[in-house]
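Q: Residue numbers (this note's numbering), protein chains in the order written: chain A, 1268 to 1436; chain B, 265 to 367.
Because the hints were derived from the structure by calculation, they are not lab data.
Cβ coordinates follow ideal geometry from the N, Cα and C atoms, glycine included.
Watch out, some of these pointers could steer you wrong.
[Said to hold, decoys possible] BS3-like mimics (lysine-lysine), calculated; alpha carbons at most 25 Å apart, straight line:
1. B/361 - A/1296
2. A/1296 - B/360
3. A/1358 - B/360
4. B/361 - A/1358
5. A/1358 - A/1296
[To be verified] To be clear about the criterion: a stretch of chain A counts as covered by chain B if any three or more of its residues have a C-beta under 8 Å from a C-beta of chain B, and this derived list gives those stretches:
6. 1301 to 1313
7. 1322 to 1333
8. 1336 to 1346
9. 1357 to 1371
10. 1421 to 1432
[Claimed, not checked] Derived CB-CB ranges, DEER-like:
11. A/1385 - B/363: 48 to 54 Å
12. B/266 - A/1378: 18 to 24 Å
13. B/360 - A/1408: 47 to 53 Å
14. B/266 - A/1371: 24 to 30 Å
15. A/1384 - B/363: 45 to 51 Å
16. B/266 - A/1347: 47 to 53 Å
17. A/1319 - B/353: 45 to 51 Å
18. A/1317 - B/363: 45 to 51 Å
19. A/1283 - B/361: 31 to 37 Å
20. A/1398 - B/346: 35 to 41 Å
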Amino acid sequence: MEFHTNLFIFSGLAIFMIVAAVFAVVSSKIMRAATLLLFVLFGTAGLYFMLHYSFLGAVQITVYAGGIVVLFIFAILLIGKGSIDITHTSKLRYLAGVLTAMAGMATTIYLIHITPFEANHFMSADVPMKTLGISIMGTGRYNYVLPFEVMSILLLACTVGAILIARKK
Amino acid sequence: MIIPAQYFLILSAVLFFIGVFGFFTRRNLVSLLISTELMLNAVDINFAVFNAYCHPQLLEGYVFALFGIGIAAAETAVAIAIIINVYRNIHSIHIKKLRELKH
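Go ahead and model the full structure; you've got the sequences and the hints to work with.
A: What follows is the structure, given as structure tokens:
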């Protein structure tokens, strides 16, 4: 019984995430959709913890669940009455959405199914923080200090841009 | 027991296409942004899974998933600033009303 614990947790997370994502996409109240998105993001953090990537899971919770969802809720509350989603989408558009999603999903799952995967050499230990820090900040091969710096400039630019766009005249 | 990588990939594909479906059917800027977040999140799962199962000693996907999360945060901040500005100008965030930028 103990043998299948991982699979059990994974299927629980997967069902939870898929149900939450479907309701986030079809629910007619935006506040509810944002809350369900938060559940999907928590489920993703759970997946990262299952992969033994605890730093990534922590970043997922702090940045996504703590930052982005709060931004969403701020926006919804600021917009107020306009945020009620009047979903009278035409039947044709709905059908087109379902067909596209189904076709894409079928193709992708078929491709995943026929692709032979190498024998998994999965490491069941957490990545040490030192290795990760060297990998992000190092300057050698397979180290990523340049994207890190570019990211910092991007964040600065988007902070300035967001203030410029949203400020009152 | 080690879960096969395919299960993770199928889960992320399903989440991605739920996001695509939402992007097709929602008619409201905030809902569209929520669908986009679902898609970005599915892609981040793929990065982490490929790293964990194919090259666990290199940390490429791990670092790119971190950068992906950062970029998603930046993108959401700018998008929400734009949405609030649109609402301030035309008092609606329904896409039907957003026709002035077309010309």
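Q: Take the hints in turn and mark each one as holding or not.
A: Taking the hints in turn, this is what the structure says about them:
Annotation: proposed proximity of residue 361 of chain B to residue 1296 of chain A holds, straight-line Cα distance about 19 Å (limit 25 Å). Of the supplied pair hints, the one linking residue 1296 of chain A and residue 360 of chain B holds, its CA atoms being roughly 18 Å apart against a limit of 25 Å. For the given pair, residue 1358 of chain A sits about 16 Å from residue 360 of chain B by alpha-carbon distance, which is consistent with the 25 Å threshold. Distance restraint check for residue 361 of chain B and residue 1358 of chain A: the Cα-Cα separation of roughly 20 Å lies within the 25 Å cut-off, and the hinted pair is therefore satisfied.
For the proposed pair residue 1358 of chain A and residue 1296 of chain A, the alpha carbon gap of about 20 Å is at most 25 Å, so the pair holds. Residues of the stretch 1301 to 1313 of chain A with a Cβ under 8 Å from some Cβ of chain B number 5, which satisfies the need for three, so the listed coverage holds. For the stretch 1322 to 1333 of chain A, the assignment as covered by chain B holds, since 5 residues bring a beta-carbon within under 8 Å of that chain's beta-carbons and 3 suffice. Residue count for the stretch 1336 to 1346 of chain A with a Cβ under 8 Å from a Cβ of chain B: 7. That meets the three needed, and the coverage hint holds.
For the stretch 1357 to 1371 of chain A, the proposed coverage by chain B is satisfied: 9 residues have a C-beta within less than 8 Å of a C-beta in that chain, meeting the threshold of three. Coverage of the stretch 1421 to 1432 of chain A by chain B holds in this model, with 8 residues showing a Cβ closer than 8 Å to a Cβ of that chain against a need of three. Checked against the given bound of 48 to 54 Å, the beta carbons of residue 1385 of chain A and residue 363 of chain B, roughly 52 Å apart, stay inside it. Checking the proposed 18 to 24 Å range against residue 266 of chain B and residue 1378 of chain A shows it holds: the Cβ atoms sit about 22 Å from each other.
Checking the proposed 47 to 53 Å range against residue 360 of chain B and residue 1408 of chain A shows it holds: the Cβ atoms sit about 52 Å from each other. Checking the proposed 24 to 30 Å range against residue 266 of chain B and residue 1371 of chain A shows it holds: the Cβ atoms sit about 28 Å from each other. For residue 1384 of chain A and residue 363 of chain B, the hinted distance range of 45 to 51 Å is satisfied, since their beta carbons lie about 48 Å from each other. Between residue 266 of chain B and residue 1347 of chain A the CB atoms are about 49 Å apart, so this pair conforms to the stated range of 47 to 53 Å.
At about 48 Å, the CB distance of residue 1319 of chain A to residue 353 of chain B agrees with the hint of 45 to 51 Å. A beta carbon spacing of about 46 Å between residue 1317 of chain A and residue 363 of chain B agrees with the range 45 to 51 Å that was offered as a hint. Remark: the range hint 31 to 37 Å for residue 1283 of chain A to residue 361 of chain B is upheld by a beta-carbon distance near 36 Å. A hinted range of 35 to 41 Å for the beta carbons of residue 1398 of chain A and residue 346 of chain B is consistent with their spacing of about 39 Å.
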